[in-house]
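Chains as they are written, first to last, in the numbering used here: chain F, 760 to 934; chain E, 760 to 934.
Because the hints were derived from the structure by calculation, they are not lab data. Treat the hints with caution; some may be incorrect.
One copy or two, either will do: identical chains are not told apart, so a pair holds if it fits within one copy or between any two.
Stated by the list, open to error - Only pairs whose alpha carbons sit at most 25 Å apart, straight line, appear in this in silico DSS-like list of lysine-lysine:
id : residue 1 : residue 2
1  : K859      : K810
2  : K901      : K859
3  : K836      : K901
4  : K859      : K897
5  : K810      : K901
6  : K836      : K810
7  : K836      : K859
8  : K810      : K897
Here the structure is a predicted model, which means the values were calculated and not measured.
Protein chains: 2
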Amino acid sequence: MECPIARALEEIGDGWSLLILRDALRGVRQFADFQEGLGIAPNTLTRRLDKLCRHGLLRRRRYQEHPPRDEYRLTDKGLELLPILLALGEWGNRWVLHGKASIVPVDLRTGEPIELAIVDRRTGASIQPGAVAVVAGKGASKQLRARLVTPLPLGAESSPLDRGLASARRRTTPG
Amino acid sequence: MECPIARALEEIGDGWSLLILRDALRGVRQFADFQEGLGIAPNTLTRRLDKLCRHGLLRRRRYQEHPPRDEYRLTDKGLELLPILLALGEWGNRWVLHGKASIVPVDLRTGEPIELAIVDRRTGASIQPGAVAVVAGKGASKQLRARLVTPLPLGAESSPLDRGLASARRRTTPG
Chain F
760 MECPIARALE EIGDGWSLLI LRDALRGVRQ FADFQEGLGI APNTLTRRLD KLCRHGLLRR
820 RRYQEHPPRD EYRLTDKGLE LLPILLALGE WGNRWVLHGK ASIVPVDLRT GEPIELAIVD
880 RRTGASIQPG AVAVVAGKGA SKQLRARLVT PLPLGAESSP LDRGLASARR RTTPG
Chain E
760 MECPIARALE EIGDGWSLLI LRDALRGVRQ FADFQEGLGI APNTLTRRLD KLCRHGLLRR
820 RRYQEHPPRD EYRLTDKGLE LLPILLALGE WGNRWVLHGK ASIVPVDLRT GEPIELAIVD
880 RRTGASIQPG AVAVVAGKGA SKQLRARLVT PLPLGAESSP LDRGLASARR RTTPG
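Required output: the full structure, derived from the provided sequences and hints.
If you want it as structure tokens, here you go:
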């Protein structure tokens, strides 16, 4: 799998992992606190914490020897999911809670509400469906490069598959 | 569950759903195309498509009667996940593919690469761990409001739980 979204989801897209990371972002570090906050079975929590440590999103640190107790701290890799989780929460406030926001982000320094936006930093413009495409990056394989010879539009009204079909139909139409 | 991240993940956080939505964003609409692209079992795909339709992320439309064939189109609710999925892909390029980006977003009109950023639109500043907190929103329950009387910092170096512990220790220290 070359898609960076699929690769990201391999590490964090299993239902519990993003909730564990959310709790780590709000300061949870100890097994018992994760368990209590999430209502998750201990063996499931152990497996998920192990996986997140293995992939370098959390770092395990022993803070007590007798009895042995570990805590889990976010790495930079894990911390960088914060804006994405906030964006997901904003989507949840809008589309699942129908605008009746339960929790909203604020600027810690000023206390002012944050107006979250995902933008193209070069232009400042929001990312809009139908105005974005993807192309092969530097690390793409030959096969992927061949599949992405022309930019692939995302969220477009008419899909490239439709257009492929339409041009195939034209080719087989007599005249 | 009141957390808007948890509520969002209830609808889309089951491993397959985000990949189905990713494929819908690149123009996939038909059952057979989803199945081929994802290598997913037909009954699993049926369940996931049903769930995404039930939650209003996809809309089912019959495009052929004999034999009956449906296609699946993104609603506005589904389309609004595009920037979040792109941000997840950017994280994947950086942290899972170690900067060897396989697929990168471009501006469809100009072909220029997009520099994705999640910002506070009021200030233009990127969302940084330790500089953001959450507070109760308009739709918060009384219980949630009580738990969030002071803003809860996210991704802070020292966690509010540490501070809670420290102040508890101070209270029990003689003197």
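Any of the earlier hints contradicted here, and which numbers? 3, 5 and 8
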